[in-house]
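Chains as they are written, first to last, in UniProt numbering: chain C, 1 to 541; chain E, 1 to 541.
Any given hint could turn out to be false.
Note that identical chains are pooled: a pair holds if it fits in a single copy or bridges any two copies.
Unchecked claim - Below 30 Å or equal to it, Euclidean Cα-Cα: the simulated DSS-like pairs (lysine-lysine) are:
| no. | residue 1 | residue 2 |
| --- | --- | --- |
| 1 | 168 | 77 |
| 2 | 247 | 526 |
| 3 | 77 | 266 |
| 4 | 173 | 387 |
| 5 | 173 | 77 |
| 6 | 218 | 130 |
| 7 | 77 | 183 |
| 8 | 387 | 56 |
| 9 | 173 | 526 |
| 10 | 142 | 173 |
Worth flagging that the hints you see were computed from the coordinates, not collected in a lab. Quick caveat: nothing in here was measured; it's all calculated off a predicted structure.
2 protein chains.
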Amino acid sequence: MSQCTSGMNRNMRATFKKCLGLLLISALLLSLFCAWSPGTSSRVDIRSRQRGRIQKLLQGKIQDTISVYQDIGYHIKDDVASHLAQNTCVCRADENTFQLPFSNLLFPRVWAHDIVLAFLESHPDPSGVKHHRAQEYGSFQKRSYNPADVLILAEAMSPLQYPTQGVKVRPLKTIIIPGLGLKEETGSNHTVYLTASLGTFDVAATVDRVSVEGVGEKHMILSSPLLSALNRQLQFVTYTNTVFHPKTADTVLFATDVHRSFFTIKVEHGIIPKLYNTGNPKEYNISALVTFATKTFLRYDKLKDLIDSIRQYYPNVTIVIADDNEHPQAVTGPHIDHYIMPFGKGWFAGRNLAVSQVTTKYVLWVDDDFLFTANTKVERMVDILEKTTLDLVGGAVREATGYTATYRHTISVEEGGEEGDCLHIRNGYHHVIEGFPNCVVADAVINFFLGRTDKVQQVGFNPRLARRGHLEFFIDALGSLHVGSCSDVIVNHASKIILPWTKTDSDKAYDKFRYSSSSAENDIHKEDFYFKDRLKCMTSH
Amino acid sequence: MSQCTSGMNRNMRATFKKCLGLLLISALLLSLFCAWSPGTSSRVDIRSRQRGRIQKLLQGKIQDTISVYQDIGYHIKDDVASHLAQNTCVCRADENTFQLPFSNLLFPRVWAHDIVLAFLESHPDPSGVKHHRAQEYGSFQKRSYNPADVLILAEAMSPLQYPTQGVKVRPLKTIIIPGLGLKEETGSNHTVYLTASLGTFDVAATVDRVSVEGVGEKHMILSSPLLSALNRQLQFVTYTNTVFHPKTADTVLFATDVHRSFFTIKVEHGIIPKLYNTGNPKEYNISALVTFATKTFLRYDKLKDLIDSIRQYYPNVTIVIADDNEHPQAVTGPHIDHYIMPFGKGWFAGRNLAVSQVTTKYVLWVDDDFLFTANTKVERMVDILEKTTLDLVGGAVREATGYTATYRHTISVEEGGEEGDCLHIRNGYHHVIEGFPNCVVADAVINFFLGRTDKVQQVGFNPRLARRGHLEFFIDALGSLHVGSCSDVIVNHASKIILPWTKTDSDKAYDKFRYSSSSAENDIHKEDFYFKDRLKCMTSH
Numbered sequence: 001m002s003q004c005t006s007g008m009n010r011n012m013r014a015t016f017k018k019c020l021g022l023l024l025i026s027a028l029l030l031s032l033f034c035a036w037s038p039g040t041s042s043r044v045d046i047r048s049r050q051r052g053r054i055q056k057l058l059q060g061k062i063q064d065t066i067s068v069y070q071d072i073g074y075h076i077k078d079d080v081a082s083h084l085a086q087n088t089c090v091c092r093a094d095e096n097t098f099q100l101p102f103s104n105l106l107f108p109r110v111w112a113h114d115i116v117l118a119f120l121e122s123h124p125d126p127s128g129v130k131h132h133r134a135q136e137y138g139s140f141q142k143r144s145y146n147p148a149d150v151l152i153l154a155e156a157m158s159p160l161q162y163p164t165q166g167v168k169v170r171p172l173k174t175i176i177i178p179g180l181g182l183k184e185e186t187g188s189n190h191t192v193y194l195t196a197s198l199g200t201f202d203v204a205a206t207v208d209r210v211s212v213e214g215v216g217e218k219h220m221i222l223s224s225p226l227l228s229a230l231n232r233q234l235q236f237v238t239y240t241n242t243v244f245h246p247k248t249a250d251t252v253l254f255a256t257d258v259h260r261s262f263f264t265i266k267v268e269h270g271i272i273p274k275l276y277n278t279g280n281p282k283e284y285n286i287s288a289l290v291t292f293a294t295k296t297f298l299r300y301d302k303l304k305d306l307i308d309s310i311r312q313y314y315p316n317v318t319i320v321i322a323d324d325n326e327h328p329q330a331v332t333g334p335h336i337d338h339y340i341m342p343f344g345k346g347w348f349a350g351r352n353l354a355v356s357q358v359t360t361k362y363v364l365w366v367d368d369d370f371l372f373t374a375n376t377k378v379e380r381m382v383d384i385l386e387k388t389t390l391d392l393v394g395g396a397v398r399e400a401t402g403y404t405a406t407y408r409h410t411i412s413v414e415e416g417g418e419e420g421d422c423l424h425i426r427n428g429y430h431h432v433i434e435g436f437p438n439c440v441v442a443d444a445v446i447n448f449f450l451g452r453t454d455k456v457q458q459v460g461f462n463p464r465l466a467r468r469g470h471l472e473f474f475i476d477a478l479g480s481l482h483v484g485s486c487s488d489v490i491v492n493h494a495s496k497i498i499l500p501w502t503k504t505d506s507d508k509a510y511d512k513f514r515y516s517s518s519s520a521e522n523d524i525h526k527e528d529f530y531f532k533d534r535l536k537c538m539t540s541h
Numbered sequence: 001m002s003q004c005t006s007g008m009n010r011n012m013r014a015t016f017k018k019c020l021g022l023l024l025i026s027a028l029l030l031s032l033f034c035a036w037s038p039g040t041s042s043r044v045d046i047r048s049r050q051r052g053r054i055q056k057l058l059q060g061k062i063q064d065t066i067s068v069y070q071d072i073g074y075h076i077k078d079d080v081a082s083h084l085a086q087n088t089c090v091c092r093a094d095e096n097t098f099q100l101p102f103s104n105l106l107f108p109r110v111w112a113h114d115i116v117l118a119f120l121e122s123h124p125d126p127s128g129v130k131h132h133r134a135q136e137y138g139s140f141q142k143r144s145y146n147p148a149d150v151l152i153l154a155e156a157m158s159p160l161q162y163p164t165q166g167v168k169v170r171p172l173k174t175i176i177i178p179g180l181g182l183k184e185e186t187g188s189n190h191t192v193y194l195t196a197s198l199g200t201f202d203v204a205a206t207v208d209r210v211s212v213e214g215v216g217e218k219h220m221i222l223s224s225p226l227l228s229a230l231n232r233q234l235q236f237v238t239y240t241n242t243v244f245h246p247k248t249a250d251t252v253l254f255a256t257d258v259h260r261s262f263f264t265i266k267v268e269h270g271i272i273p274k275l276y277n278t279g280n281p282k283e284y285n286i287s288a289l290v291t292f293a294t295k296t297f298l299r300y301d302k303l304k305d306l307i308d309s310i311r312q313y314y315p316n317v318t319i320v321i322a323d324d325n326e327h328p329q330a331v332t333g334p335h336i337d338h339y340i341m342p343f344g345k346g347w348f349a350g351r352n353l354a355v356s357q358v359t360t361k362y363v364l365w366v367d368d369d370f371l372f373t374a375n376t377k378v379e380r381m382v383d384i385l386e387k388t389t390l391d392l393v394g395g396a397v398r399e400a401t402g403y404t405a406t407y408r409h410t411i412s413v414e415e416g417g418e419e420g421d422c423l424h425i426r427n428g429y430h431h432v433i434e435g436f437p438n439c440v441v442a443d444a445v446i447n448f449f450l451g452r453t454d455k456v457q458q459v460g461f462n463p464r465l466a467r468r469g470h471l472e473f474f475i476d477a478l479g480s481l482h483v484g485s486c487s488d489v490i491v492n493h494a495s496k497i498i499l500p501w502t503k504t505d506s507d508k509a510y511d512k513f514r515y516s517s518s519s520a521e522n523d524i525h526k527e528d529f530y531f532k533d534r535l536k537c538m539t540s541h
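The whole structure should be built from the sequences, with the hints applied where relevant.
Here's what the structure looks like:
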């Protein structure tokens with residue numbers, strides 16, 4: 001019996017061990033499966049930015065708020081009202097009242113270019129391209145819509161205290177919402193409600209005599225008979241973002257039974273800075289701080305003169321050269337990076353290429369027919385970028401005649417409605433810069449400038465512009481670059497005063513290529529103003 | 001006498017005419033001078049973003065508001081409180097509780113890399129570079145400071161109604177401030193004050209029985225015995241930005257004698273969109289929509305195979321090739337743009353170059369050893385970018401063994417204080433995408449992806465990374481790119497299963513160059529994590 005029992009026990013133990021083993025393996029596999037499910041299985045709809053229930057409540061509230069007092073009369077102040085943006089912009093040149101001889105030289109006239117007309121009149125399918133542009137713009141608006149831009153009004157005499165700006169959470173992280181409070185006097189029980197769309201609420205600490213419902217949910221209710229206890233509890237309310245998006249905002253509704261307030265929690269990563277390690281910050285080591293960049297075509301002789309002139313003052317600075325010659329020649333020397341492009345790829349493609357290769361904090365743009373002199377003090381340009389919020393500073397280019405140009409312009413965009421916006425370009429600048437008396441703030445400058453490499457790379461040079469282009473870069477830079485211009489950093493321009501019979505073959509070839517604007521080239525510019533920039537009109541001197 | 005007189009008269013008339021002429025010319029020159037003074041002569045201090053008087057008032061108010069109720073006790077909820085960001089981040093790997101064999105395969109362990117230690121221990125001047133980084137970061141913070149990010153609280157029971165979000169003016173333009181109001185009951189005279197720093201106030205219309213002082217100034221006072229009239233007047237208050245900056249905000253103080261409220265008017269250009277004209281939007285014309293981009297080095301045979309495989313499915317698509325071989329060979333064929341770089345410039349420099357040349361709406365990144373098959377449906381990638389807010393979508397790469405990788409990762413940054421931030425990289429994704437069941441949202445994907453050209457160009461590829469690099473692009477993209485990954489668009493990887501004795505000379509040369517990580521290469525990576533990205537720690541699988 002004992003032998004039988006012990007035999008049975010051994011079997012049972014063996015089976016038991018097998019079962020335990022199987023159980024362990026299943027548990028392992030189960031945990032494996034759970035651990036390896038590397039995301040929530042939740043879905044997110046990113047086909048367009050939805051305006052949810054809270055957004056609709058907000059819109060309704062604004063409508064109510066601004067529709068009062070309509071019966072009280074007013075007298076329009078024309079000089080102010082005329083400066084307000086209209087629903088559309090008018091494509092109109094200045095009225096020219098002076099008709100004196102040479103008035104156009106003394107008072108540069110403003111011209112209006114109707115971009116819509118110029119582009120559509122020569123297009124085979126004007127209504128098609130118009131429709132296509134509207135579609136692309138619609139998609140662009142959907143992608144760039146951010147609830148943090150929507151109009152919100154703070155209601156007067158509301159017992160609610162809340163943050164109206166400055167609340168930010170990193171995606172999928174948790175923060176305490178600062179500044180929530182309730183300041184009402186009446187009532188035996190005090191209740192507030194919190195509602196969100198892209199995250200949930202909780203509390204980082206609990207306070208006695210306060211009831212909190214909906215912890216971990218998108219809707220939370222806090223109430224207490226003691227107002228002070230409720231306010232203390234409100235100091236610990238947390239928000240956790242649960243619907244991932246790298247850059248959006250959650251509109252939060254904070255309400256009592258009677259009053260409603262809305263505020264925004266921005267959901268975004270912190271900015272990871274792009275810092276350049278440039279060695280000893282006490283002296284300006286131009287070779288460590290700056291890369292010189294240029295584009296060359298059919299002018300190797302001028303390019304060589306440029307390089308020789310640079311080396312007199314900056315023997316070790318890296319020079320990046322973008323070259324789209326049909327038969328490229330070697331350009332050699334220490335600290336020279338020479339890039340060969342397909343033939344005739346063009347001006348802006350070359351600029352974008354050259355700038356894409358820069359690893360230093362700053363990039364100095366030079367044309368291949370510039371000449372450095374003792375007045376070309378790049379240190380001065382570095383100084384102003386180191387000490388101010390400017391992202392780019394232009395210098396001055398001196399012609400053989402002695403005439404020196406800074407080519408300063410201001411640019412503004414007037415909203416235009418469905419037909420597109422109106423772009424206004426004028427000669428001039430905005431302000432002189434405190435501490436830098438030869439320098440001003442502008443929106444566009446001459447083609448000799450120092451820029452923060454990361455910012456210039458972010459704007460970029462539109463590689464479609466092959467033969468000509470200058471202001472296009474500054475139009476693309478609007479809103480991104482803080483631009484300045486200093487008249488005391490001067491580079492020379494190799495003489496353009498060439499008598500026709502002294503022109504070299506390469507001069508003639510260059511002129512032929514550069515200055516014969518093909519209609520294809522013009523078409524590209526027109527198309528980009530109309531479609532890419534969505535402009536209706538451009539006015540300029 | 002008459003002859004004399006008439007003679008004198010003639011002289012006088014001549015002189016008079018000369019005087020008149022001179023007067024006219026002087027007037028002309030004077031007007032010329034005034035018209036030609038192309039900017040205000042005012043100065044602007046852009047040496048750092050000043051926090052003015054209003055900002056200080058605001059800070060004081062917040063201090064007062066959040067310091068109440070300190071005497072009421074609370075009980076911390078650890079599970080919530082532990083998710084709140086601390087002042088610093090700790091560089092710690094996961095605690096490995098499972099010690100089973102192969103546990104590392106089943107449960108990928110998280111490793112912590114102390115970036116500060118790794119970089120500073122081998123640096124000749126650790127305290128110098130630490131100080132330099134802090135300085136660069138300080139400048140960066142000054143340049144990026146925007147009053148629109150500052151915390152503002154709405155006071156409870158304030159009679160003031162005002163906009164808390166969404167008010168924007170283009171630089172130097174004028175807008176009506178929406179939503180201003182006063183809702184108090186008491187008092188025989190109702191008065192409100194408006195104060196700004198970067199602009200002035202005015203009214204677009206006047207209302208009877210309301211007195212308005214300080215029109216055209218930075219400080220305006222409106223008062224009336226009739227509350228309704230004052231509120232009607234407040235509907236016409238305008239703000240004009242007068243201190244130019246391309247992207248800033250003015251904090252406005254709106255107050256009564258007793259109450260103060262603060263709100264922000266953003267001063268910025270409207271976004272000029274970058275729209276691509278891609279022809280008929282009904283069908284996906286891949287040649288019009290997409291440019292394929294790649295970088296090649298020592299693998300012309302594989303590159304040729306790639307191109308041949310592409311041409312089977314996309315005969316007309318443009319292929320941009322960045323080539324940094326020591327002895328470049330010609331790569332010819334229709335729709336091929338071949339760029340020659342200085343020898344060994346490297347991986348990310350090549351990627352940045354290739355992408356800088358793209359003129360189509362989308363860019364498809366491919367490695368030079370990929371092979372297209374019938375499963376490589378670029379149309380599917382275009383479809384998801386056309387229909388969602390994604391900026392970049394990765395596909396899947398199939399090895400010769402059949403193993404297919406999507407390399408999905410999530411990335412988050414934890415704020416770290418002075419030592420730098422902590423970067424956390426994990427395998428996995430955030431959510432499945434509604435409507436696209438094989439696609440997910442992530443932060444990093446495999447090196448086969450379609451991206452919006454303008455967004456990819458804005459992020460860029462750090463040209464310092466020569467031999468290796470992948471996640472660095474996605475780290476730089478954090479917050480800029482909405483990233484997805486679809487497992488059903490598959491490209492093949494040319495086989496890496498090569499028996500040692502069958503390796504060609506070019507295989508051997510490539511392996512030698514690519515896989516012998518020089519310490520210089522490692523140093524660059526360490527330096528960029530420490531300095532450029534200002535990181536303290538990185539944790540990853």
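Going down the list of hints, with the structure as the test:
{"no.": "1", "hint": "168 to 77", "in the structure": "between (41 Å within a copy, 22 Å between copies)"}
{"no.": "2", "hint": "247 to 526", "in the structure": "between (33 Å within a copy, 28 Å between copies)"}
{"no.": "3", "hint": "77 to 266", "in the structure": "between (38 Å within a copy, 25 Å between copies)"}
{"no.": "4", "hint": "173 to 387", "in the structure": "between (36 Å within a copy, 28 Å between copies)"}
{"no.": "5", "hint": "173 to 77", "in the structure": "between (50 Å within a copy, 16 Å between copies)"}
{"no.": "6", "hint": "218 to 130", "in the structure": "neither (43 Å within a copy, 43 Å between copies)"}
{"no.": "7", "hint": "77 to 183", "in the structure": "between (41 Å within a copy, 26 Å between copies)"}
{"no.": "8", "hint": "387 to 56", "in the structure": "between (46 Å within a copy, 24 Å between copies)"}
{"no.": "9", "hint": "173 to 526", "in the structure": "between (47 Å within a copy, 27 Å between copies)"}
{"no.": "10", "hint": "142 to 173", "in the structure": "both (25 Å within a copy, 26 Å between copies)"}
Hint check: a violation occurs at hint 6 only; the rest are consistent with the structure.
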